[in-house]
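Chains A and B are the protein sequences, given in the same order.
Residues 1 to 316 (our numbering) make up the first sequence, in order.
Residues 1 to 316 (our numbering) make up the second sequence, in order.
Be aware that one or more of the hints could be misleading.
Any copy, or any two copies together, can satisfy a pair, since identical chains are not distinguished.
[Said to hold, decoys possible] Here are the simulated EDC-like pairs of lysine to aspartate or glutamate, each with C-alpha atoms no more than 16 Å apart in a straight line:
id: 1; residue 1: Lys-99; residue 2: Glu-69
id: 2; residue 1: Lys-116; residue 2: Glu-149
id: 3; residue 1: Lys-72; residue 2: Glu-103
id: 4; residue 1: Lys-300; residue 2: Glu-262
id: 5; residue 1: Lys-299; residue 2: Asp-257
id: 6; residue 1: Lys-52; residue 2: Glu-271
In short, the hints are calculated from the structure, not lab data.
A quick note: this is a predicted structure, and the numbers were derived from the prediction, not measured.
Below, each chain spelled out in residue letters.
2 protein chains.
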Amino acid sequence: MFRKQIKVLDCTIRDGGLINNHNFDHRFVREVYKAISTSGVDYMEMGYKNSKKLFSTEEYGLWKFCDDEEIKRVIEGIKSKTKISVMVDVGRVDIEEVKPASESPVDMIRVATYVKDIDKAIFMANHFAEKDYETTINIMAISRDQGAELEEALHQVEQESKIKALYIVDSFGALYQEPVERLIKLAKGILKTREVGFHGHNHQQLAFSNTIESIIHGANYLDATIYGIGRAAGNCPLELLIGFLKNPKFDLRPILDIISNELVPLRNKIEWGYIIPYAISGMMNEHPRAAMALRNSDKKENYREFYESLVNANLD
Amino acid sequence: MFRKQIKVLDCTIRDGGLINNHNFDHRFVREVYKAISTSGVDYMEMGYKNSKKLFSTEEYGLWKFCDDEEIKRVIEGIKSKTKISVMVDVGRVDIEEVKPASESPVDMIRVATYVKDIDKAIFMANHFAEKDYETTINIMAISRDQGAELEEALHQVEQESKIKALYIVDSFGALYQEPVERLIKLAKGILKTREVGFHGHNHQQLAFSNTIESIIHGANYLDATIYGIGRAAGNCPLELLIGFLKNPKFDLRPILDIISNELVPLRNKIEWGYIIPYAISGMMNEHPRAAMALRNSDKKENYREFYESLVNANLD
Numbered sequence: 001m002f003r004k005q006i007k008v009l010d011c012t013i014r015d016g017g018l019i020n021n022h023n024f025d026h027r028f029v030r031e032v033y034k035a036i037s038t039s040g041v042d043y044m045e046m047g048y049k050n051s052k053k054l055f056s057t058e059e060y061g062l063w064k065f066c067d068d069e070e071i072k073r074v075i076e077g078i079k080s081k082t083k084i085s086v087m088v089d090v091g092r093v094d095i096e097e098v099k100p101a102s103e104s105p106v107d108m109i110r111v112a113t114y115v116k117d118i119d120k121a122i123f124m125a126n127h128f129a130e131k132d133y134e135t136t137i138n139i140m141a142i143s144r145d146q147g148a149e150l151e152e153a154l155h156q157v158e159q160e161s162k163i164k165a166l167y168i169v170d171s172f173g174a175l176y177q178e179p180v181e182r183l184i185k186l187a188k189g190i191l192k193t194r195e196v197g198f199h200g201h202n203h204q205q206l207a208f209s210n211t212i213e214s215i216i217h218g219a220n221y222l223d224a225t226i227y228g229i230g231r232a233a234g235n236c237p238l239e240l241l242i243g244f245l246k247n248p249k250f251d252l253r254p255i256l257d258i259i260s261n262e263l264v265p266l267r268n269k270i271e272w273g274y275i276i277p278y279a280i281s282g283m284m285n286e287h288p289r290a291a292m293a294l295r296n297s298d299k300k301e302n303y304r305e306f307y308e309s310l311v312n313a314n315l316d
Numbered sequence: 001m002f003r004k005q006i007k008v009l010d011c012t013i014r015d016g017g018l019i020n021n022h023n024f025d026h027r028f029v030r031e032v033y034k035a036i037s038t039s040g041v042d043y044m045e046m047g048y049k050n051s052k053k054l055f056s057t058e059e060y061g062l063w064k065f066c067d068d069e070e071i072k073r074v075i076e077g078i079k080s081k082t083k084i085s086v087m088v089d090v091g092r093v094d095i096e097e098v099k100p101a102s103e104s105p106v107d108m109i110r111v112a113t114y115v116k117d118i119d120k121a122i123f124m125a126n127h128f129a130e131k132d133y134e135t136t137i138n139i140m141a142i143s144r145d146q147g148a149e150l151e152e153a154l155h156q157v158e159q160e161s162k163i164k165a166l167y168i169v170d171s172f173g174a175l176y177q178e179p180v181e182r183l184i185k186l187a188k189g190i191l192k193t194r195e196v197g198f199h200g201h202n203h204q205q206l207a208f209s210n211t212i213e214s215i216i217h218g219a220n221y222l223d224a225t226i227y228g229i230g231r232a233a234g235n236c237p238l239e240l241l242i243g244f245l246k247n248p249k250f251d252l253r254p255i256l257d258i259i260s261n262e263l264v265p266l267r268n269k270i271e272w273g274y275i276i277p278y279a280i281s282g283m284m285n286e287h288p289r290a291a292m293a294l295r296n297s298d299k300k301e302n303y304r305e306f307y308e309s310l311v312n313a314n315l316d
């Protein structure tokens with residue numbers, strides 16, 4: 001599948017940071033940046049730009065805050081055409097602290113939001129656009145919000161925002177390919193002057209296939225992570241996506257190297273991937289929070305009890 | 001997705017047997033049979049019915065041969081509506097050794113074949129049909145055989161065979177959802193009086209989504225294995241398929257129990273699942289043979305070299 005407009009964004013450090021409190025060291029992040037740059041991937045997302053007034057720098061690592069100086073240290077001296085992205089959550093960033101793009105190594109700021117906070121997200125994204133950043137709005141937990149409010153939010157984004165792309169985010173790994181088709185078509189139909197993106201989660205082993213589905217129906221901004229690292233079951237594996245896209249601008253080999261050298265050893269220390277409680281969360285269209293707690297308990301392999309607890313919670 | 005005609009076939013023991021020389025003990029196979037029966041799955045496939053003249057009983061376990069007496073030992077005393085299936089390969093079975101269905105615990109015999117051997121497969125399947133077995137023909141390695149010969153084979157099956165269902169088998173885990181759509185539509189268009197089935201392999205994390213894709217386009221016979229066990233990257237995970245189908249006849253809980261109690265411990269002893277050399281095989285539309293050899297060598301994590309060896313082999 002070759003389409004010139006397609007942009008791939010690697011969020012290894014950002015989504016991977018959700019399972020280690022954003023505690024990747026500079027060496028690791030530099031290795032990822034080198035691999036991403038050499039492989040020709042369009043964007044690399046470094047983490048969240050949260051306010052230090054709201055989160056403790058003792059509790060969280062560097063990539064929860066993404067200071068410009070830390071990003072400069074990572075990318076220094078590495079030849080690259082890859083643009084740098086950071087993510088902000090509605091309500092967790094002090095927008096006045098963010099310098100204009102001309103003074104920052106960051107090229108793009110992505111605003112993560114729920115449908116209900118779309119007004120705030122548009123306000124924030126426009127603020128960053130005025131500081132000359134590329135911007136996107138990423139609508140999270142979309143499997144819970146597929147109704148009239150979503151449609152209204154999409155109309156607002158088209159009319160009021162200056163964003164480049166609107167992302168559909170399947171935070172719960174609950175979507176099958178038919179809902180992905182419906183959502184991408186809906187967004188494409190309303191957002192006539194913007195690009196549409198997709199970010200999948202792999203709870204039911206569907207992150208890659210749903211990304212393909214989004215491509216088939218016109219999404220051009222695609223998120224992935226190396227070896228699928230990310231919260232809970234993780235994300236669409238970058239190596240599979242590059243293999244599928246067959247765009248001559250991409251080179252798979254640097255990604256294979258870093259999986260061999262860094263990600264396989266890392267997977268022995270922290271957990272992500274196909275794990276039954278995450279699969280159950282996806283099937284039940286639930287946040288993986290309860291499953292993540294289970295995996296940190298001594299009942300981590302007690303799948304039936306976990307399943308029944310979710311069934312019963314929904315019946316109560 | 002509820003459709004009354006859908007039949008799910010568990011091939012945990014059969015496809016799983018490909019990674020342990022069919023050496024599951026009676027206790028394990030009984031536990032699987034209990035779980036499959038309690039969960040309401042329609043068929044359970046026990047293994048291959050190969051001739052002992054061709055394969056050594058010292059080298060291979062019981063489920064390479066599937067003697068009726070061994071199957072009887074497994075199912076004895078367990079209440080079940082699940083039908084029993086065995087698989088035969090063209091050229092590896094002595095058809096005269098197979099008793100009539102009325103004298104056997106086996107309900108269905110599935111004939112695995114390549115397109116080029118379709119005449120032999122039809123002959124064998126008809127022989128078993130005359131002995132009153134349900135029969136299917138499973139066309140393997142379909143990603144290499146999508147052209148005019150496949151169409152001719154499908155016409156022959158429709159005209160000459162007595163089978164119940166024709167399976168599309170993605171042996172190399174190379175298909176994306178668009179080729180699955182095309183193949184299922186092709187088979188449905190030609191096989192007007194038969195059912196169509198799908199058997200996926202998970203090299204690119206697409207076995208489950210491709211199974212959904214096949215359902216969308218009318219496949220009613222679906223293969224899966226518990227926790228996705230199977231050769232190389234394994235198969236479509238039964239637990240995900242049951243979660244998707246939402247048919248009230250299925251109960252997920254016995255499957256969750258056996259994953260907790262048997263499959264998770266087994267996965268620590270034998271390897272299947274998302275492993276990069278298998279993903280590379282899938283991308284390159286290659287048999288996983290070379291990747292399986294790599295995983296048994298001291299270069300098991302040397303992904304770049306493996307990738308380049310396949311690229312170069314294709315260029316030579």
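Hint by hint, here is what the structure shows:
1. Only within a single protomer do Lys-99 and Glu-69 lie at most 16 Å apart by alpha-carbon distance; the minimum there is 12 Å, versus 77 Å between protomers.
2. For a Cα distance limit of 16 Å, the shortest separation of Lys-116 from Glu-149 inside one copy, 8 Å, qualifies, whereas the shortest one across copies, 55 Å, does not.
3. Taking the shortest Cα distances, Lys-72 and Glu-103 sit within 16 Å of each other inside one copy (11 Å), while across copies they are farther apart (76 Å).
4. In this assembly of identical chains, the alpha carbons of Lys-300 and Glu-262 lie at most 16 Å apart only when taken from different copies (15 Å versus 26 Å within one copy).
5. In the homo-oligomer, the alpha carbons of Lys-299 and Asp-257 lie at most 16 Å apart only across protomers (13 Å), although the nearest pairing inside one protomer, at 36 Å, exceeds that limit.
6. Taking the shortest alpha-carbon separations for Lys-52 and Glu-271, neither the intra-copy value of 27 Å nor the inter-copy value of 44 Å comes in at or below 16 Å.
Comparing the model with each numbered hint stated earlier shows that hint 6 is the single one that does not hold.
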